[in-house]
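Asks: So you can see what is in the structure, the chains are spelled out below.
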Amino acid sequence: DTEVTQTPKHLVMGMTNKKSLKCEQHMGHRAMYWYKQKAKKPPELMFVYSYEKLSINESVPSRFSPECPNSSLLNLHLHALQPEDSALYLCASSQGLRDEQYFGPGTRLTVT
Amino acid sequence: ILNVEQSPQSLHVQEGDSTNFTCSFPSSNFYALHWYRWETAKSPEALFVMTLNGDEKKKGRISATLNTKEGYSYLYIKGSQPEDSATYLCAFKSGTYKYIFGTGTRLKVLA
Chain A
688 DTEVTQTPKH LVMGMTNKKS LKCEQHMGHR AMYWYKQKAK KPPELMFVYS YEKLSINESV
748 PSRFSPECPN SSLLNLHLHA LQPEDSALYL CASSQGLRDE QYFGPGTRLT VT
Chain B
2 ILNVEQSPQS LHVQEGDSTN FTCSFPSSNF YALHWYRWET AKSPEALFVM TLNGDEKKKG
62 RISATLNTKE GYSYLYIKGS QPEDSATYLC AFKSGTYKYI FGTGTRLKVL A
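As you go down the protein sequences, you meet chains A and B in turn.
Just so we're aligned: 689 in our numbering is position 2 of the first sequence, and the numbers increase by one with no gaps anywhere.
Just so we're aligned: 86 in our numbering is position 85 of the second sequence, and the numbers increase by one with no gaps anywhere.
Calculated from the structure, these hints are not laboratory results.
Each hint should be verified, as a subset may be incorrect.
[Unchecked claim] In silico DSS-like cross-links for lysine-lysine, where the CA-CA straight-line distance does not exceed 25 Å:
| # | chain 1 | residue 1 | chain 2 | residue 2 |
| --- | --- | --- | --- | --- |
| 1 | A | K725 | B | K79 |
| 2 | A | K725 | B | K59 |
| 3 | A | K727 | B | K43 |
| 4 | A | K709 | B | K79 |
| 5 | A | K728 | B | K99 |
| 6 | B | K79 | B | K60 |
| 7 | B | K109 | A | K705 |
| 8 | A | K728 | B | K109 |
| 9 | A | K696 | B | K79 |
| 10 | A | K727 | B | K70 |
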């Protein structure tokens, strides 16, 4: 299984809502990543987990809260988002931090 | 600030045409250059991982070359087909965990 899955595919939320994005992989990868992509821009790294521990936070606002409950799962908890947070959120995983990353299809988030 | 540029931004070709696009990246502190193919609403699909200066890789009708000294990689598609329509992304990796992505080349192959 070389797939990274993400749910939901689409999410619309208000600025006062709390929601979560989910990412799953069963390739035994020990590194997992969250990226954000705005229209016509390259994906930008948000967070990196290595061996279920947060390794990197690329100065992401605290209204985004990542969680890695086990080696196969990565969540992104969302609270009090702003309309400018509307974007495609991509999850990726890799064997190690220097290895090729495998991507999920993304969650298209709209904040109203 | 590390910059990765791709050109052209978008491209329309006729079925059967061959085409190529460019990824430019910093020539210092090079670790790897990745090419991905990304169709709308699907996961980016890894095409090539290139690590050595002068690398040439091929997968069917698609091939890529790498020049780390001058900081560029070319992706070639021979005999384009409508199913090749996608965004082609390159991602530069220095000696760290981090990918720096280009903005992509959007290819449309017209039947």
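Asks: All hints, please: hold or fail.
Replies: Hint-by-hint comparison with the structure:
{"no.": "1", "hint": "A:K725 with B:K79", "verdict": "31 Å, violated"}
{"no.": "2", "hint": "A:K725 with B:K59", "verdict": "31 Å, violated"}
{"no.": "3", "hint": "A:K727 with B:K43", "verdict": "16 Å, holds"}
{"no.": "4", "hint": "A:K709 with B:K79", "verdict": "38 Å, violated"}
{"no.": "5", "hint": "A:K728 with B:K99", "verdict": "17 Å, holds"}
{"no.": "6", "hint": "B:K79 with B:K60", "verdict": "11 Å, holds"}
{"no.": "7", "hint": "B:K109 with A:K705", "verdict": "39 Å, violated"}
{"no.": "8", "hint": "A:K728 with B:K109", "verdict": "19 Å, holds"}
{"no.": "9", "hint": "A:K696 with B:K79", "verdict": "33 Å, violated"}
{"no.": "10", "hint": "A:K727 with B:K70", "verdict": "29 Å, violated"}
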